[in-house]
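Colleague: Listed here are the chains, written in short residue letters.
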Amino acid sequence: MKIIKTAVLVFPGTSGERDAHFALQRNNFSVDYLWHDFDQSLEYDLIFLPGGSSFGDYLRPGAFAKYSNVIKSIEKYVLQNRGLVVGIGNGFQILTEVGLLPGGLALNESNTFICKDVLVEAINLETPFSNSINPDNNTFRFSIASRYGRYVVNNNEIDENQIIFKFLHNPNGSSENIAGIVNKDMNVFGTMLHIERSCHPFLGYDEFNPIFESIRRYLTRE
Amino acid sequence: MKKDTPNKEFVFEIKIKLREGILDPQGNVTYKILKKLNYPIEQVNFDKSIRLTIQESDFQKANTIAEEIASNILVNPVLEYYQISQIQEE
Chain A
54 MKIIKTAVLV FPGTSGERDA HFALQRNNFS VDYLWHDFDQ SLEYDLIFLP
104 GGSSFGDYLR PGAFAKYSNV IKSIEKYVLQ NRGLVVGIGN GFQILTEVGL
154 LPGGLALNES NTFICKDVLV EAINLETPFS NSINPDNNTF RFSIASRYGR
204 YVVNNNEIDE NQIIFKFLHN PNGSSENIAG IVNKDMNVFG TMLHIERSCH
254 PFLGYDEFNP IFESIRRYLT RE
Chain B
396 MKKDTPNKEF VFEIKIKLRE GILDPQGNVT YKILKKLNYP IEQVNFDKSI
446 RLTIQESDFQ KANTIAEEIA SNILVNPVLE YYQISQIQEE
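Line by line, the protein sequences give chains A and B.
Counting the first sequence from 1 gives a position; our numbering is that position plus 53.
Counting the second sequence from 1 gives a position; our numbering is that position plus 395.
Excised from the complex, chain A in its bound form (with noise of 0.2 Å):
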């Protein structure tokens, strides 16, 4: 089997790498930690932003991160079509903020941390993150933990088919129920489901995680 070697990024704040690297390593990728200081991602198949509050989430979540060392190079990676990047709740936030994924994340409409599980449905199953999603069985079970959860996007910005997740019941009062988006390049993922906590049934969850699959697949094709 292919090896895929994927760098969890670690800035002063992040509190999901370890479930990040956890969750990763169940699913056979080999994972190293990429301080946020260094600019080395070019080597690596597969980019992950965990969750966490990076820089004390000061001024707006993600909001300082876009100055690291690491976040220029990774611009050079998604550039390049290096390999694959994907972004969870920090993450995606930082992502937004970059400007390599449309629309931005706000407070949330109850102006509450929400914390709970949430179902959602995968309405693009032709993207790099989404290829392994049974059609008949595309409705998943994941947790979301945010305060800036509600992602807000002009229509002009975002395509019909840049949409993968939507929620069935829209918890924090995101435009358009979105859940998890894609680029126009299709090799960035964002979204605020935490779909790293979702590896176990110890956890709660099925062993079986259709993203990392997905991932798994489009990564290792011939």
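In case anyone wonders, no lab produced these hints; they're calculated from the structure.
Any given hint could turn out to be false.
[Said to hold, decoys possible] The calculated EDC-like cross-link candidates involving lysine to aspartate or glutamate, where the alpha carbons are at most 16 Å apart (straight line), are:
1) B:K456 <-> B:E404
2) A:K55 <-> A:E96
3) B:K443 <-> A:D110
4) B:K427 <-> A:E162
5) A:K58 <-> A:E96
6) A:K129 <-> A:D238
Given the structure of chain A, go ahead and fit chain B onto it with the hints provided.
Modeller: Chain B in isolation, oriented as in the chain A frame:
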């Protein structure tokens, strides 16, 4: 040779507001409470205010720097816009 030294301090206030159409949950909740208390309230908005003290030789240069910081770094143009005002010169 005369050198242009930045010997003055200029203080700017940057007000960051949510764009029209972007829901302001804190403003909405506060509005409801004030309404309940029978105040003649039409709208409540929560803004951010950031003060920058800039050392420069003249106002124009300091203002350019403040504008640059506000538009490039402090504001997320998807959600917010800003207004800038000078509040002090020393």
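Colleague: Compare the structure with each hint and give your call.
Modeller: Verification of the hints:
1. B:K456 <-> B:E404: holds (11 Å)
2. A:K55 <-> A:E96: OK: A:K55 and A:E96 at ~15 Å, within 16 Å.
3. B:K443 <-> A:D110: holds (15 Å)
4. B:K427 <-> A:E162: Cα-Cα ~14 Å, so holds.
5. A:K58 <-> A:E96: holds (8 Å)
6. A:K129 <-> A:D238: This hinted pair holds, its Cα atoms lying about 14 Å apart.
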